[in-house]
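**Student:** Keeping the supplied structure of chain A fixed, place chain B upon it in accordance with the hints.
Line by line, the protein sequences are chains A and B.
What the first sequence shows, in the numbering used here, is residues 19 to 222, in sequence order.
What the second sequence shows, in the numbering used here, is residues 347 to 763, in sequence order.
Bear in mind the hints are in silico, worked out from the structure with no lab data behind them.
The model shown is predicted, which means the values in this text are computed figures rather than measured ones.
It is possible that part of the hints are untrue.
Distance condition first, Cα-Cα at most 30 angstroms in a straight line; then the derived DSBU-like pairs of lysine-lysine [stated by the list, open to error]:
no. : chain 1 : residue 1 : chain 2 : residue 2
1   : B       : Lys632    : A       : Lys181
2   : B       : Lys349    : A       : Lys189
3   : B       : Lys389    : B       : Lys349
4   : A       : Lys183    : B       : Lys389
5   : A       : Lys183    : B       : Lys349
6   : B       : Lys632    : B       : Lys717
7   : A       : Lys189    : B       : Lys389
8   : A       : Lys181    : B       : Lys349
Reference listing, derived: stretches of chain B covered by chain A, where coverage requires no fewer than 3 residues with Cβ under 8 angstroms from a Cβ of chain A [as the list claims (entries may be wrong)]:
no. : stretch
9   : 519-528
10  : 617-626
11  : 700-707
Some but not every residue of chain A turned toward chain B, in silico, with C-beta under 7 angstroms [claimed, not checked]:
no. : residue
12  : Glu37
13  : Ser40
14  : Ile41
15  : His49
16  : Gln51
17  : Phe53
18  : Pro54
19  : Arg77
20  : Arg79
21  : Glu80
22  : Pro81
23  : Lys181
24  : Phe182
25  : Gly184
Yeah, the Cβ is synthetic: ideal placement off N, Cα and C, and Gly gets one too.
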Amino acid sequence: MLQIRIHGRGGQGVVTAAELLSIAAFEQGRHAQAFPSFGSERTGAPVVAFCRIDDRPIRRREPILAPDVLIVQDPTLLHQVDVFQGLQPEGYVLINSRRSFDELGLGEIADRFRHERLITVPASEIALEHLGRPLPNAVLLGGFAALSGLITIDAVAHAIDDKFKGEVAAKNIAAAREAFEVVTERLRGPSAQTPTATEESRPC
Amino acid sequence: MLKQMEGSVAVAEAVALCRPEVICAYPISPQTHIVEGLGALVKSGALEPCAFINVESEFAAMSVAIGSSATGARTYTATASQGLLFMAEAVYNASGLGLPIVMTVANRAIGAPINIWNDHSDSMSQRDSGWLQLFAESNQEALDIHIQAFKLAEELSMPVMVCMDGFILTHAYERVDIPTQEQVDGFLPPYEPRQVLDTAEPVSIGAMVGPEAFMEVRYLAHAKQTMALERIPEIAREFEASFGRAAGGLVRRYRTEDAETIVVALGSVVGTLEETIDAMREQGVKIGLLSIRSFRPFPLAAVRAALQHAERVVVLEKSFSVGLGGVVSTDVRLALSGIQLHGYTVVAGLGGRSITQASLERVLAEAVADKLEPLTFLDLDWGIVNRQLAREAAMRRSGPIAENLLRDLGTVQAKVH
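For reference, chain A alone in the conformation it holds in the complex:
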């Protein structure tokens, strides 16, 4: 079973991201369960959503405490919420940021995990460019498809098309595809995921 935890803030489409992921997995013939952290979500408040993917029906209904995948939609959460809580040693991490893990001050944490599975992607900027709004959720799913190969970009596109309509769907799909390309390119590149530490280590 693959367990994915998504952290973000109310208004960023955290719950929708988990739902989209479950639809994408369903498109690929798999069983999937997506659910929110059941908070009284408010705009800007930390929000968590979960997605489980498996080849057989999913019976477990507890929150995901030991995720295989972590998607962080808002890097300002990194110093407010223990987003890495329970992350599996082989886990994947995708963070919405222009900065690298080192620049985000996550160098030490990153050392505990497999470097080729950790990446940042400027999802808000990509979203702004395509949607005119910094909504990173669908974009990050494109990045996740590239990072992990656990879900195809076409399934992500299909899920977006299933949940949204017309222009909104088309723009989100375009943004997700760009993130897919960005991440694919970075993974190919020489100094891909964790560029050397730079002068600043401020968050975001």
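**Tutor:** Relative to chain A, chain B alone:
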């Protein structure tokens, strides 16, 4: 047709397939998405001639439901938590009058302290109302039980409450098989009321009944629920024959054949419990599970048959009778009258406290070793409880309990819990 969708939307689609004629509801979390979905379907014209009636409260919702059901219209509503309490008087009226309304309760805790999360306190507060109460384990089952509920309600002329865990099911996206209109039409005949307000054949409904016949009217409600003990499994079998999958029924057993320990539970926690039981079975523990799907009528005979050969029974429930202990446990004990076995009550998941497999394995291992207290609260934070008790012992003006406990806890959002 297989679809990946939210539980609430799946239930809305199931209700729509039952061709309701009147839907009246007042929004309350976590029920809201169900009636939003139905509202959208009515507005689109897809449910013609169904009327969606906006009401000003839950009390009004049930009152409108009573009125519309009495005119012979297939009627649906949904609520949760304080909403169910606010409509309580009309809830009793609906069953007392024998009107086959179907209502979803998206199970949620009752305040104070105000809490929007899941437990079974709301449904349990109405367990003596005369409504039948069916509990769903999954979204597929919630969808399927709604279709069965209309059939059951209308055959008996009694209202049915379909209970599904708020958020855990209502807000979960998972795979569901949505039946076709033809399938549902083949299973659920048009509603033929036993009583109807009809100007051509005028009757009055709702007479005052004194000591001369009140007990008899009540007894007849009980007689109908007793009939339901027969009809619920039959309808589940008919459903399986028509739709090709099992859903509903009185109880469901999981690995109970040779079980020395049997856990009894209701609703969505059954899934996590199955995983727990599989893990414990691998360690050689003879343990099984009994899922109670019909809480009213309570299937005394089926529960007794399932549990009578066990050495111990652990009732894990998301409900709590303050000053006594378990709510479900009391009924389970009645089913086991005269049988000697170890009985434990584990109160779990109140107000949305997560019920994890790790915690279940721990508490069930204690039960298997007969080291469990008769009444246990799963993952209770004794630290903050004892601090408050000490505070109250130390000073008179100890202040509001909820606020004190939250202060003791500090920031709770920093952790996934």
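**Student:** So which of the earlier hints does this model not fit?
**Tutor:** Going through the list in order, the structure violates hints 1, 23, 24, 25 and respects the others.
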